[in-house]
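There are 2 protein chains.
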Amino acid sequence: MLYAVTLLLPLSAFVGNAPDAASASRVDQSGIAMSAVARNVNMGKLQAGYLFPEIGRRRTAYIEANPNTRPIISLGIGDTTLPVPEHILNGLKAGAAKLGTKEGYTGYGPEQGIAQLRSKIAKNLYDDKIDPSEVFVSDGSKCDIGRLQMMFGSSTKTAVQDPSYPVYVDTSVIMGQTGLMNQERKQYENIVYMPCNPGNNWFPDLKNTPRADIIYFCSPNNPTGAAASRAQLTELVNWANKMGSIIVFDAAYAPFIRSPDVPKSIFEIPGARTCSIEVNSFSKYAGFTGVRLGWTVVPKELTFADGSPVAADYNRIMCTAFNGASNIVQSGVLAALDPEGLAEIKALAEIKVMIDYYMENARILKETMLDIGMEVHGGDNAPYIFVGLKGQSSWDMFSKILSEAQVVTIPGAGFGPGGEGFLRLSAFAPRDSCIEACKRLRTVMKP
Amino acid sequence: MLYAVTLLLPLSAFVGNAPDAASASRVDQSGIAMSAVARNVNMGKLQAGYLFPEIGRRRTAYIEANPNTRPIISLGIGDTTLPVPEHILNGLKAGAAKLGTKEGYTGYGPEQGIAQLRSKIAKNLYDDKIDPSEVFVSDGSKCDIGRLQMMFGSSTKTAVQDPSYPVYVDTSVIMGQTGLMNQERKQYENIVYMPCNPGNNWFPDLKNTPRADIIYFCSPNNPTGAAASRAQLTELVNWANKMGSIIVFDAAYAPFIRSPDVPKSIFEIPGARTCSIEVNSFSKYAGFTGVRLGWTVVPKELTFADGSPVAADYNRIMCTAFNGASNIVQSGVLAALDPEGLAEIKALAEIKVMIDYYMENARILKETMLDIGMEVHGGDNAPYIFVGLKGQSSWDMFSKILSEAQVVTIPGAGFGPGGEGFLRLSAFAPRDSCIEACKRLRTVMKP
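Heads up: the protein sequence lines correspond to chains A and B, in order.
Going by the UniProt record's numbering, the residue at position 121 of the first sequence is 121; the numbering climbs one at a time, nothing skipped.
Going by the UniProt record's numbering, the residue at position 433 of the second sequence is 433; the numbering climbs one at a time, nothing skipped.
One should not assume that every hint holds.
Heads up, simulated PhoX-like pairs for lysine-lysine below, C-alpha to C-alpha not over 25 Å straight-line [said to hold, decoys possible]: (1) A:Lys157 <-> B:Lys45; (2) B:Lys352 <-> A:Lys102; (3) A:Lys98 <-> B:Lys346.
A few chain A residues that face chain B, going by a derived Cβ cut-off under 7 Å, partial list only [as the list claims (entries may be wrong)]: (4) Leu99; (5) Glu103; (6) Ala305.
These are computed hints drawn from the structure, not numbers from a lab.
Everything numeric in this text was worked out from a predicted model, so none of it was measured.
Even glycine gets a Cβ: it sits at the ideal position worked out from N, Cα and C.
Could you put together the complete structure from these sequences and hints?
Here you go:
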């Protein structure tokens, strides 16, 4: 136990949990000391918990109340389920193995990512039309959105598609950019909600949208599955340039795009470099949801109103509140993006098989919903099916499906008031689960 | 190239860099469009770049100006250099390998960390005196400090040891908790700087320190190498409870503690649970600086002034702006903390060998400095030597040593005004580099 003594805390080192009440400044009713530090008022503005853990809690509560239930199938959180393809897996294994050697060991890496990886992303995913220095490698898009918000600060005004991925709104609230939630409209004050629905072909009516500083735009969209066309994104970019806004373009679902008319990157659109940041992720490319790797592109031309480059401030944030993505993970992606020889073709072939697998799930879900007679959106260029409920409440439908079919879905209202009346089905389940879920849904869903 | 077409952007998709000037709201002198988004004023308050990249830039500039220089030795950034020990390495490899199997594959994990890992940290590093639910696993302490600051918001008042790790002050500035830097005092307005120096045995004079909301306290300290005793930490905890402050205790250097009187965790001190958060890291335990794994402990008893639990808000931040540490990395640490059988002993033995290796470097550096006749601090319970320069400027000494001895150090002034007149030497270099650096330093350093 010599080592335990040296490295770990001694058994006798700890004291009990009783607070030192004599010296505490204040105590609550039960005698527990309270700090005098004011809670961040912005944290208090947030409504309920973050959406996806909330879904998990309801699922767990159902199981606890119904211990003998048949196995629950999840069409909920957009989580991948297929194993990591072989070539990329070998890259990850090699990335770990080399840390055991004197020559291969690396410590703190560049906070912006390994230079070779930044180059490969620029070359192989953007055809060298962006510069490697514009790529900031990270542990994921969600984390990058948090860091972008930290950079933007508390005085910017946010616009979001409604419905949208909840992180855009929640981080805006946390940073103090918003007022309280208006309980009637179910919208936070000082956020521009841009309705996207079947009536406008899932694209906002920009002519009647007030100016915002930062426009969060996700295409293919989570949760609606709508993929913006080249003409639509051109309209968006022109509008942002005209208004002097910055688009944060979330391209995490780009690998699912099948239509030739749908851009995979905002930087395919003329003028985007003066008004756009792109966040992206390897999560869906290669089953990296748990492995964690994303990147953000900040073009050199993009400036704030004072002419200072946005990239300089983002670099400062990445250096100050981040320390680089795991070197093991970066090694794995380096292998996946290896442009030379057979290895490359193999990795891409494996990724294609993986993406096609999920898209076949999407097709099965979509056909089932159409067959039942539901109103169906998405699923063509995205792994999400957005089902219209014709006036029924989305949380009610979520609960009904969980208790009667033992299938987890996501209520559209969780993505903003514009999502009410819709249900999101994810195409990431294993095939047999997907087919079984469809069988069960047929018994409980009615148009 | 079928797959490239499907997955990557088509070669013809991109447009040139020319901005769409006709629709841009404003253009600068060179005709580049500028957004109308105001730069975050807090980003503009930051002085120069983050310290460690700045050191790297000066090193690179020296090499470019002196292309034929002998190899430069780094005693600068506190980066590990020894390979990851075998047992833990096997854990990392296994963590990667299982992602290739249907049974072993995992996607989005709990944002707070794998339950088993939270339990093992609580049990094996805190002797079960904290609850697993109080452990939040992450990609590192630096990132956790950023997330804690995001949670605290813009209205809290920060106190720091002076000198200290620059992330505490820089993130306070970014969040808007401070005023401008007072160029005379080299201190930001609205931060409480607590001088720590040989005169007060590196421990702040708390009786004459104004109250702050959040006290960042690092022990063993980066950069001074000072390790606070049990009596000192007891004084700190009592003061925090009396003032209703929250201590953010940075224990990243705990594995280097050798003195029995120096606590390895703030939770060894009575009363700490009502006033303390502990950030910690696997970086130095097992050479994980590039692998990325840290954790933060937020006790259940810790509340804000309104009685609301701090842990609830921290959990919300972790769920909203973070997505869990890499599952591969968590698997590796799980192996390292495996409590059963020989495997455990082996991992701990390997870690001890690694820590001892760095501490022997620290001894060599310390003896060399003493032999030269310098004033020397730290190095007993920490991998840093803090060398007093007797009135010489720390940036001047940094430059002199770089140009005359080709050794990179860190100027004390980079850690705050209280660090002026000191130089930090890191003990993480390979042994032969450490010995060679000592030879070189003997030729250029004079007391």
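Going down the list of hints, with the structure as the test:
| no. | hint | verdict |
| --- | --- | --- |
| 1 | A:Lys157 <-> B:Lys45 | 21 Å, holds |
| 2 | B:Lys352 <-> A:Lys102 | 18 Å, holds |
| 3 | A:Lys98 <-> B:Lys346 | 20 Å, holds |
| 4 | Leu99 | 4 Å, holds |
| 5 | Glu103 | 9 Å, violated |
| 6 | Ala305 | 5 Å, holds |
Against the hints set out earlier in the document, a violation occurs for number 5 only.
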